[in-house]
Amino acid sequence: MQRKLMPMSSAVSLIEDGQLLAVGGSALHRNPAVFCHQLAKLNRTRLRLVGVAQGYASDVLCAGNCVDTVYFSFFGFENEFGLAPGFRKGCQEGKIKAVEGSCISIIAALRAGGYGIPFMPVGGMWESELLDVRPDFFQVMTSPFNGEKVVVVRALVPDWAIIHVHEADEYGNARIIGSLFQDQLLTRAARKTIITAERIVDTESFQINPALTTVPHFQVEAVVLAPQGAKPGICFGEYETVEAGCMKAYSRAIKEGALDHFLAITTEGRA
Amino acid sequence: MQRKLMPMSSAVSLIEDGQLLAVGGSALHRNPAVFCHQLAKLNRTRLRLVGVAQGYASDVLCAGNCVDTVYFSFFGFENEFGLAPGFRKGCQEGKIKAVEGSCISIIAALRAGGYGIPFMPVGGMWESELLDVRPDFFQVMTSPFNGEKVVVVRALVPDWAIIHVHEADEYGNARIIGSLFQDQLLTRAARKTIITAERIVDTESFQINPALTTVPHFQVEAVVLAPQGAKPGICFGEYETVEAGCMKAYSRAIKEGALDHFLAITTEGRA
Amino acid sequence: MGYGPAEMMCVALSREIKDGDMVFHGLASPVPMTAVKLAKSMGRNFTYVNIAGGVDPKWESPAVTGSTLSSNLYHGSAATYGLDEIMDLACSGKLDISFLSFVQMNQKGEINMSYIGGDYDKPKLRLPGGAGSATLAPVTRRTTVWKTKQDKNSLVEKVQFVTAAPDPAKEFSVITNLCIFRLKNGLLELESIFPYTTLQEVKENTGWPINQTDVQVYPAPTAEELSALAEVDPNGIRNIEF
Amino acid sequence: MGYGPAEMMCVALSREIKDGDMVFHGLASPVPMTAVKLAKSMGRNFTYVNIAGGVDPKWESPAVTGSTLSSNLYHGSAATYGLDEIMDLACSGKLDISFLSFVQMNQKGEINMSYIGGDYDKPKLRLPGGAGSATLAPVTRRTTVWKTKQDKNSLVEKVQFVTAAPDPAKEFSVITNLCIFRLKNGLLELESIFPYTTLQEVKENTGWPINQTDVQVYPAPTAEELSALAEVDPNGIRNIEF
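Chains as they are written, first to last, in my numbering: chain A, 1 to 271; chain B, 1001 to 1271; chain C, 2001 to 2242; chain D, 3001 to 3242.
Hints listed in this document are in silico derivations from the structure and should not be mistaken for laboratory results.
The model shown is predicted, which means the values in this text are computed figures rather than measured ones.
One thing to keep in mind: the hints can contain errors.
Here's a subset of chain D near chain B, in silico, CB distances under 7 Å, partners left out [said to hold, decoys possible]:
{"#": "1", "residue": "3027"}
{"#": "2", "residue": "3052"}
{"#": "3", "residue": "3087"}
{"#": "4", "residue": "3230"}
If you want the footprint, here are the derived chain B segments under chain D, 3+ residues with CB under 8 Å [what the hints assert, rightly or not]:
{"#": "5", "region": "1065-1072"}
{"#": "6", "region": "1098-1109"}
{"#": "7", "region": "1118-1126"}
{"#": "8", "region": "1169-1182"}
Facing chain D, from chain A, some residues (calculated, C-beta under 8 Å) [said to hold, decoys possible]:
{"#": "9", "residue": "116"}
{"#": "10", "residue": "145"}
{"#": "11", "residue": "188"}
{"#": "12", "residue": "213"}
We treat Cβ as the ideally placed atom computed from N, Cα and C, and that holds for glycine.
Start from the sequences, fold in the hints, and give me the full structure.
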């Protein structure tokens, strides 16, 4: 095993223009938010994002004009926190290409990526116009065994999975407690994973019951200690309400074109 | 939740002629051996078996002339325990159709079954004659996205997954400790699961950490208390050496056409 | 005990759940979540799965947030089942009910959750996306979509875009703050209206013509249901979308 | 310290493993399992995955059975990784070494693990099947196949059936009780022989013509390797196949 613990600044600098990022969590839950705050400050361009239900962390990258394509089935903040303003603005200005699929379409594309196969059939999708608008992602084909028609999706292999976890060791073994959402799948599909963690713990704590380890060290390229790394969102068992004030400030910043100022304040004093 | 605890005799009688059974464990490890001893006594016919690395439990069904097709990538007992005599005899007499694939071909067929899709691409397999002999299981096709050629396998949906676990509650929540092999996949692919368990435990013991539950209750149709249910094979953490005497008696019984006698002795005093 | 549209909708959704069902709802679904808790409280024996990965989480614990991804939907589970696996269940024909939402819907039950105005690549308003619906609507045994604000902007003659479409061979119903529609022969038919509204009000808030001159009134919540609802939702999560 | 073919093979297999490798072997593989323990003991820094689902299990604990599905390959792991996931790694080009076995092999490295005699549907001898090999041989970066009993029945002119075939663009080697072959331009070439044999003996036990008149002798196990081997395998698991 190799030591992979590094400062946030080193981890974010791994991301290169044009790469495909699989962003962990769901809506406002367990996003790698602090990572994306710092990444947005680097002004990367032409990033592509993939995630089943994307939220705050992805939206920060959209708002920062870093993104040109998003693969998703849902992109928003849930209920009172509403639509994702950065993503919405990017789409409405024609700057972001939205590749929308059903949840399982995005999951199937990531599974195919992780399985090393070029495409995979997916259930349902019949009569959806999502098929018609994105022939580079969806096709209809025929089973060679019985002639049955089936929708297939093209494989996606993210350059990076970026997930926020509860506990990791310095080698990259990582454990999520409670709801995993699709984070384990993201790490299996991606070439390499970046972990931000609430806590750094001993390797021994993983050896007690290895079945509870979400990501094995060999998939991981970087581990960053990031307590409260999913704020202003929620992290299961750690902080369970959304920081509404910060979310309001974020929405206002996007409306006023003042993302840089918001990021400066939000990341003040963080490495 | 519904109570599903029942005697072994009730559980084995669920199996009908011609069904596809996904048999858990690997080689001589954590097979539902006692279940298959009892099932073999019922003289079911035309059963089909699927499993990545099949061993003792499947072999008993082959030896009992219950089986006409086996989907597998390996079928044997490992090292000094050698080839699986029942399977071998059935194939050599032309009674059993062997559908051999690589591990991942069998896994992909089961994944496709569980995903509700008719087929799935699979990596590798190039130049293997396994493709040529089983066009009903393997086909070569072209990706509609980039023209890439890929081998695909046809989905398999087992009627039953039959697995032996460490702990289950009376509702069907089940936990395997240590090596899972492909047992979780088998339960996801199958229409319904039958659990044999070393111990019946309280539901509360699953609620402490639900992430450790291998199979949720709603997938399960029958739970059978079967201590030492994987013998003469191994069960992780419970009994860790093969009962060599029993394995010898089994081989001899097959050679001498005396399976009934072997089963009578082996199952004596077990319900 | 008094009740309004929030209580009526929770009760109506909960009554769609039958013994033995496998039930799912997605994120941003406070009304279905509350309806599930109510159905559990009323003694219905079914299995509940959700995006938090819980399998029959402890329904007695009140939710403190309207987010349906929270730990409230996980704690007390005896097993976990992720969204991936739930979708596999659905695609294998093993999901009995999914509760879905929409922004626009036409009389065929076709749902738009993608965009409004402009075109797909430069919309006037980009919506959050249909989440599971494009797959779930055609494969689930019974789909129930809910809408807390029925009007001519939500139930429309023509949707801008078909994000998801039902399979007319399967059961499909719509429960709004005013009434219940069910798909028959490929078209939504008004089945009943809630006690506090009128056929006239429903017609005025539906974008397609309703020719019926009479319609049955849906049974009001019982006292038992309302008291159970108050108990499982003391924090009024059911009101978030109203 | 003395050594025989079992020790020589374990040492030769272990030397195929380099720092940073992701290494896999399947079931019924006592020699590769022991070689992996030896490589760990010699300080090689690599990742080891196996069918028991272990990720770098505690190599210092001696195996008590030749089965390579046992708890010895799981205990001490900091994570688990199932066969399904290992195969996915391989198919995604992330597996560096897989150790495979065979019953028959020809000079192209094509492996038969399926049957001998008769035909596919009524064979004279049904073999156990190729397990992972039909997928692994073409997709793994470096494949090493081992055979503890090289003779003209195992290294043959013509295999009865091609269960698995290597990709000539990838590295492929064969390590037997006598020698090491490597695939070059699509054909296996004798690379070296073990110190205790002769070119003549190797030729007599190979089913295809070897035209070389000279060949290098493979370096014998070092004292350090033999002592490490004795320590990691006090129960002589390495001898099971000999």
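To see whether the hints hold, each was checked on the structure:
The interface hint given for residue 3027 of chain D holds, since its Cβ lies 6 Å from the closest Cβ of chain B, which is under the 7 Å cut-off. Interface hint status for residue 3052 of chain D: upheld, as the beta-carbon distance to the closest one in chain B is roughly 4 Å, under 7 Å. About 4 Å separates the beta-carbon of residue 3087 of chain D from the nearest beta-carbon of chain B, less than 7 Å, and the hint is met. With its C-beta approaching chain B no nearer than about 21 Å, residue 3230 of chain D sits outside the 7 Å limit, and its interface hint is violated.
Interface restraint, the region 1065-1072 of chain B with chain D: violated (1 residues with C-beta to C-beta distance below 8 Å; minimum three). Under the rule that three or more residues need a Cβ within less than 8 Å of chain D, the assignment of the region 1098-1109 of chain B holds, with 8 such residues. For the region 1118-1126 of chain B, the stated coverage by chain D holds: 5 residues have a C-beta nearer than 8 Å to a C-beta of that chain, and at least 3 were required. Only residues whose beta carbon comes within less than 8 Å of a beta carbon in chain D count, and the region 1169-1182 of chain B has 5; three or more means the coverage holds.
Hint on residue 116 of chain A holds. Least Cβ distance to chain D is approximately 3 Å, under the 8 Å limit. With its C-beta approaching chain D no nearer than about 19 Å, residue 145 of chain A sits outside the 8 Å limit, and its interface hint is violated. Interface hint at residue 188 of chain A: satisfied, since its Cβ lies 7 Å from the closest Cβ of chain D, which is below the 8 Å cut-off. Because the smallest distance between the Cβ of residue 213 of chain A and any Cβ of chain D comes to about 4 Å, under 8 Å, the interface hint for this residue holds.
Violated hints, in rising order: 4, 5 and 10; the structure is consistent with all others.
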